[in-house]
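These protein sequence lines are chains P and Y, in that order. If you read the first sequence in full-length UniProt numbering, its first letter stands for residue 1, the second for the next number, and so on. If you read the second sequence in full-length UniProt numbering, its first letter stands for residue 1, the second for the next number, and so on.
Please note that the accuracy of each hint is not assured.
For identical chains, the list gives no copy identity; a pair is met inside one copy or between any two copies.
In silico DSS-like pairs for lysine-lysine, Cα to Cα no more than 25 Å straight-line [claimed, not checked]:
(1) Lys22 with Lys52
(2) Lys75 with Lys165
(3) Lys75 with Lys160
(4) Lys52 with Lys160
(5) Lys22 with Lys160
(6) Lys37 with Lys75
(7) Lys22 with Lys37
Derived by calculation from the structure, the hints in this document are not laboratory data.
Protein chains: 2
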Amino acid sequence: MQTPLIDDLISALRVLPGVGAKSAQRMAYYLLERDRKGALRLSGALQEAMDKVGHCEQCRTFSETDFCPICASSKRNQNEICVVESPSDIAVIEQSGIFRGTYFVLMGKLSPIDGIGPDEIGLPLLELRLQQQDCSELIIATNPSVEGEATAHYLQQMAKNYQIKVSRLAQGIPLGGELEYLDSGTLTQAFISRREV
Amino acid sequence: MQTPLIDDLISALRVLPGVGAKSAQRMAYYLLERDRKGALRLSGALQEAMDKVGHCEQCRTFSETDFCPICASSKRNQNEICVVESPSDIAVIEQSGIFRGTYFVLMGKLSPIDGIGPDEIGLPLLELRLQQQDCSELIIATNPSVEGEATAHYLQQMAKNYQIKVSRLAQGIPLGGELEYLDSGTLTQAFISRREV
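Put together the whole structure using the sequences plus the hints.
Given below as structure tokens:
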């Protein structure tokens with residue numbers, strides 16, 4: 001017995017990932033009751049972002065300018081390319097501060113069963129960059145899932161065609177992880193990749 | 001190293017209750033990547049709702065019309081008034097289908113320490129209704145918190161001035177609850193309010 005506009009708002013809030021009927025209702029009432037200004041700000045930000053945010057012409061991450069801040073920065077090493085699946089992967093790598101090169105965002109991963117081939121994840125653009133740029137290293141940071149591994153393998157082959165050094169992020173025991181709770185796949189990888197010290 | 005528009009969107013998403021930095025980022029990327037249409041719909045729904053949703057003139061719940069659908073309905077018993085703290089309480093009572101009267105929404109509860117007195121929770125409006133309408137019963141459904149109890153007590157006194165029957169929702173063991181996990185306050189109430197069978 002809610003009014004149509006409130007119903008609309010509740011159902012619209014459900015487009016957000018992880019928001020079900022109950023949380024959507026809670027959010028709608030919260031905004032109406034306590035933060036109408038914030039809600040209008042959110043409305044504006046959504047509109048602006050959806051209208052203006054496109055993709056970086058070099059790395060395919062989200063950007064409202066032709067080149068994203070990382071690709072446009074003179075402080076970043078343009079010859080090291082780290083390939084990730086999604087823009088949120090960039091965020092987490094940037095947070096660590098370990099990498100000073102540039103990225104290439106696949107916006108997905110190879111998945112022939114879903115009709116996602118090399119073209120869909122922008123590999124022609126990456127290949128063009130490998131041809132034209134003096135690339136020193138291609139760091140593959142796809143997720144360790146089945147499709148991620150397949151994508152990594154494909155990228156590896158591609159880079160080898162251009163005699164470019166390829167590397168992958170190490171797999172093993174996470175910092176602060178306990179052996180007791182580790183899955184056997186990770187433990188197997190940690191054994192295989194063990195280092196002499 | 002996100003672009004300003006994406007940063008704006010992420011920080012704007014944090015107005016939603018229960019959404020922190022990490023979820024806001026996940027939501028922003030999700031919308032940009034997979035549901036721009038849904039995001040624009042959400043933007044529109046927010047704008048519409050914040051602009052047009054006000055309060056019902058009779059019961060103070062959210063409504064874009066002068067009277068909310070419940071107050072305007074001829075099928076509802078206008079002489080039974082259930083007093084609740086917030087519009088979401090109406091939603092949960094309506095879901096149960098047990099109540100066919102009308103509501104009065106306090107939009108808060110008495111809390112002198114925060115400067116919330118009878119005027120702030122609309123009690124003059126309720127008093128006017130008790131005076132003018134032929135009210136048969138006032139059902140108090142405030143939450144069983146300290147402020148909720150104080151509010152209930154105040155309402156009780158008010159209704160008694162007009163010789164109106166007052167009742168409160170029963171407190172006790174919830175359906176499907178187990179004694180073992182019950183807090184002692186609830187258990188005490190359940191003992192005090194025990195019924196002969």
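With identical chains treated as interchangeable, where does the CA-CA distance between Lys22 and Lys52 reach 25 Å or less: within a copy, between copies, both, or neither?
between (31 Å within a copy, 23 Å between copies)
First find the shortest C-alpha distance between Lys75 and Lys165 inside one copy, then the shortest across copies, and answer within, between, both or neither for a cut-off of 25 Å.
within (22 Å within a copy, 76 Å between copies)
Within, between, both or neither, where Lys75 and Lys160 count as close if Cα-Cα is 25 Å or less
neither (27 Å within a copy, 76 Å between copies)
Can you give me the call for Lys22 and Lys37, within, between, both or neither, at a CA distance of at most 25 Å?
both (23 Å within a copy, 22 Å between copies)
One pair to classify: Lys37 and Lys75, alpha carbons no more than 25 Å apart. Within, between, both, or neither?
So Lys37 and Lys75 fail the 25 Å test inside a copy (39 Å) and across (36 Å) alike.
Identical-chain pair category, Lys22 with Lys160, by Cα at 25 Å
Close neither inside one copy (52 Å) nor across copies (37 Å); limit 25 Å.
Within a copy, between copies, both or neither: where do Lys52 and Lys160 come within 25 Å Cα-Cα?
Result: close neither inside a copy nor across copies, 37 Å intra and 61 Å inter.
Hint compliance for this structure: hints 3, 4, 5 and 6 are broken, all remaining hints hold.
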